[in-house]
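Protein chains: 2
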Amino acid sequence: MIGLMQDQPISLIDILKHAARWHGSQKIVSRRIEDGRITSQTYRRTLKRTAQLANALSKFGITIGDRIATMAWNTHRHVEVWYATAGTGTVCHTINPRLFPTQIEFIVNHAEDRILFIDADLIGVLTPLLPNLKSLEAVIIMTDSSHMPNAPSTEVKWLCYEDLLAGQAEDFDWKSLSNDSAASSLCYTSGTTGNPKGVLYSHRSTLWHALASVQKDAMNVGSEDSVLVVVPMFHASSWGLAFSLPMVGAKMILPGAKMEGASLHELLETERATVSAAVPTIWNMLLSYLSDSGSNLTFLKEVVIGGSAVPRSMIKAFKQQFGVHVVQAWGVTETSPMGTMNRPLSLRPAAETLEEEFDRDVAQGRPPFGVDIKIVDDEGAALRWDGDSIGKLMVRGPWTARAYFGGAQSVLIDGWFDTGDVATIDEYGFMTITDRSKDIIKSGGEWISSVAIENLAVSDPSVELAACLGIEDAKWGERPLLLVKLVKNAKFNESALRRRLSKDVADWQLPDKIAIVDEIPLTATGKIDKRALRSQLDDIRGD
Amino acid sequence: MIGLMQDQPISLIDILKHAARWHGSQKIVSRRIEDGRITSQTYRRTLKRTAQLANALSKFGITIGDRIATMAWNTHRHVEVWYATAGTGTVCHTINPRLFPTQIEFIVNHAEDRILFIDADLIGVLTPLLPNLKSLEAVIIMTDSSHMPNAPSTEVKWLCYEDLLAGQAEDFDWKSLSNDSAASSLCYTSGTTGNPKGVLYSHRSTLWHALASVQKDAMNVGSEDSVLVVVPMFHASSWGLAFSLPMVGAKMILPGAKMEGASLHELLETERATVSAAVPTIWNMLLSYLSDSGSNLTFLKEVVIGGSAVPRSMIKAFKQQFGVHVVQAWGVTETSPMGTMNRPLSLRPAAETLEEEFDRDVAQGRPPFGVDIKIVDDEGAALRWDGDSIGKLMVRGPWTARAYFGGAQSVLIDGWFDTGDVATIDEYGFMTITDRSKDIIKSGGEWISSVAIENLAVSDPSVELAACLGIEDAKWGERPLLLVKLVKNAKFNESALRRRLSKDVADWQLPDKIAIVDEIPLTATGKIDKRALRSQLDDIRGD
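Sequence lines, in order, name chains A and B.
Here the first sequence stands for residues 0 to 542, numbered as in numbering that gives the first Met the number 0.
Here the second sequence stands for residues 0 to 542, numbered as in numbering that gives the first Met the number 0.
Chain A on its own, in the form it takes in the complex (with noise of 0.2 Å):
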């Protein structure tokens, strides 16, 4: 028997209608491509702005289903191409910038994207491939006519953003989908190993996802709300906000290409940001630059983070130095990103010191209803939740992938995904990351976490980044080496990094040696990158 309620499948367009109807004079902020000003305009104009791109892309006989890319930074034009793909029944596939030329080109013919919107000041990175991607019939610039790039020598139609706008009408038929399960959108992994593998997003899981993050104990966002979008569009779907935020009508602060300390310090004043969310990288940068600059953070209250497990010492930071709460979330591609948040219980009893409190703080967290999780060892068991028992990390629920793009396969486990990562669960259920399985260190058959290690070290005030690996050894398998890059003109003292290191790792976990490098590679997502590390090695051992 099924149920006598307005049953019509959602879309991710209803959003963007809902906030121009309710919310409808709140505004996206964005910082322009061209000349980094801060502009501004409602949710009502974007509304219309991105009927005049549905319409627009109406003309290129485009059809439900069909993908369309972006590679672009967080602006209100990347905006409107989410929800004008949205409204059309097209897959809006955001590409990430910053990987390599040959998995963009792969990723482009995989996908086999028709359209292309680019922001201007990444041509340099389109152009070369050009001549590879097949299935592009239009690169469209993100920009007004003054600003228009030439156009290389290509086949493909090289079109201008606003001129594409400019006259047509302001409203739209929106499609209609057949199916909540419709797919809305399509992001690759970056694939340290093998090829990058899509994950599909439907509108049905992106809206779950979006609603459960504005949920008190999750993202915490309403329309009193004014949230700093770091986290780019293109990486994990901004973690979801440019959904969440007009979905309850919050003020969206899009940072465009300057993500510097200055720039972010800049938005957040002006803007009044009370939310703001960044990977690790970013926050260091911008801690850096209000110690440099004797700044402060006159309205900022929360900031979530994740992407790479926050060091405890920026959690003090922040809130000792600004008194901005630090809430680490967990999660993946696979998983729409919201897979876990750091969010305090009361069946725990409360935190006696503000030391505890930090200690707390470095998990990444419990999942919300949607997520379930759960922790196995190499055999598929599932482990105690004590704190110390570390497993391979399973997540399941409506907005975790079960197959990637082009694979006719499930890539579950009985229902679970394994997310890579390994994790402990403590006992009220806080799952904390304590590596990458592939990172993991593994001597004399007991784990060593690389995380725990290079969170310790960059904790010392002349470590600016640090890189723990494992390398191989006849007695033990593997044994810690510890790779720190310094902080600029800082003294470096080995002996205080390692009295450091012993007060909380059992002394054959501790680094058999401490490197100094200049360097240490990050992924295209602002990882480190351990695999070019490793190679790096290779290189010098003259393997």
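Hints were generated in silico from the structure; no laboratory data involved.
For each residue, glycine too, the CB sits at the ideal point set by N, CA and C.
Heads up, none of these hints are tricks.
Simulated pairs of lysine to aspartate or glutamate, EDC-like, Cα-Cα distance not exceeding 16 Å:
| no. | chain 1 | residue 1 | chain 2 | residue 2 |
| --- | --- | --- | --- | --- |
| 1 | B | K16 | A | D371 |
| 2 | A | K441 | A | D376 |
| 3 | B | K437 | B | D376 |
| 4 | B | K437 | B | D377 |
| 5 | A | K16 | B | D371 |
| 6 | A | K58 | A | D170 |
Label-pair restraints from in silico Cβ distances:
| no. | chain 1 | residue 1 | chain 2 | residue 2 | range |
| --- | --- | --- | --- | --- | --- |
| 7 | B | D385 | A | S145 | 34 to 44 Å |
| 8 | A | P348 | B | G35 | 24 to 34 Å |
| 9 | B | G35 | A | A381 | 38 to 48 Å |
| 10 | B | H324 | A | L509 | 50 to 60 Å |
| 11 | B | H324 | A | T62 | 49 to 59 Å |
| 12 | B | D511 | A | T38 | 53 to 63 Å |
| 13 | B | H324 | A | H324 | 14 to 24 Å |
| 14 | B | R20 | A | P348 | 15 to 25 Å |
Guided by the hints, dock chain B onto chain A, whose structure is given.
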């Protein structure tokens, strides 16, 4: 193209499974029907008992879609029945025991209920009807064997809840749904005209509703909250709280059959409730009790009030005497029921005084994503958001009904449901109910809001309840008559009341006559029963 996410249908039982796994030690606190004692059990235990109940139910040969009824107060057992029906694919039909006996007979037969769960103190309502309830096979008394009432002379099975559970396995192979939109529960509107009409909710509509309600700008509840659920599970599904609280791991406090001031106050204090939800009648009782006993509210931060308009005097009393914030909510059975909630909006200039805040708090608020509303004139044309234009309130969205149980036809008008309320919407989107369509007073071609006059009247300290009715008038069509029930032993000053009304009501809208009455009849859901009042007036006038 269908997305590649985990899109198997989600069942309401998944909420309790989540609570048992991630908030297993969190408690459902219940006041026992048997003796009024306060007891508690964890979510973990509740899932086990729910599995026992599901195993017991399976032995009745129930099949998917069968209706199973409850006539019960808010207790942990009622929660178990809700989830056991959800997890067996059956439909839980909640019956309001305060309906007229003929209405109860009608709806049990209309729903073809096979099994009825009932609290022992409500048996008296049921037994006279038993011979006429043709579909009923079993009555299950929600108590233990030592409190079992004697079976009446009936062919229907007469069973004890705890005996049924005893010895059953504590796990169950929960039924998967074939479709998100599978029916989950059924609730009949009290029907002031004609027979009651059944709203058939789905798993999809109920899950969306629960998830939307925990957001910051709606119920704003999380795992640290402790929530006294006074609003009955038999009426508009306890505003979804029996689903939304386990969803976030909040403590659920259930008052059983005792809803007078002293009992509620005891629960609020001993269980440290941070939030509560009920209709104004209940809060009137609590405020009287607090005033009479000189008691205080130590932990309560917010009360969500709906069901009928909240008088400004109540909002003021809660805030100024107890520091508790009143959040108004509006909805009807057909909207699951969350339609609007009154939360702040940063786009509106801040209130300058506390009095101005109270003025704002009397509105019923704005819709969250998932609800859209509009006001229309008699021809169906949308009216302006100017705070003055009064029109019929129409609603649509994924947790709004499209048809009634047993009625094949959609009841929608161009996709919108007519709520039977009339309202204004102001320039910021805040909706205020001015009346029920059938209660609005039409005088000289203009509309007079009976609700506005009633709310002003009860702000007079001598007035306990007030009802304003339109009386036929040869010249004007209708003219307002105000009936007041006085506070016990209070001295009534009509001219003081008239002066109070004159401040906020235009002269031509003032009641021609104010009459004191001994009683004002209430409906089964605690609202003023204007139909009964009108027939009493007819009797008095000898019509």
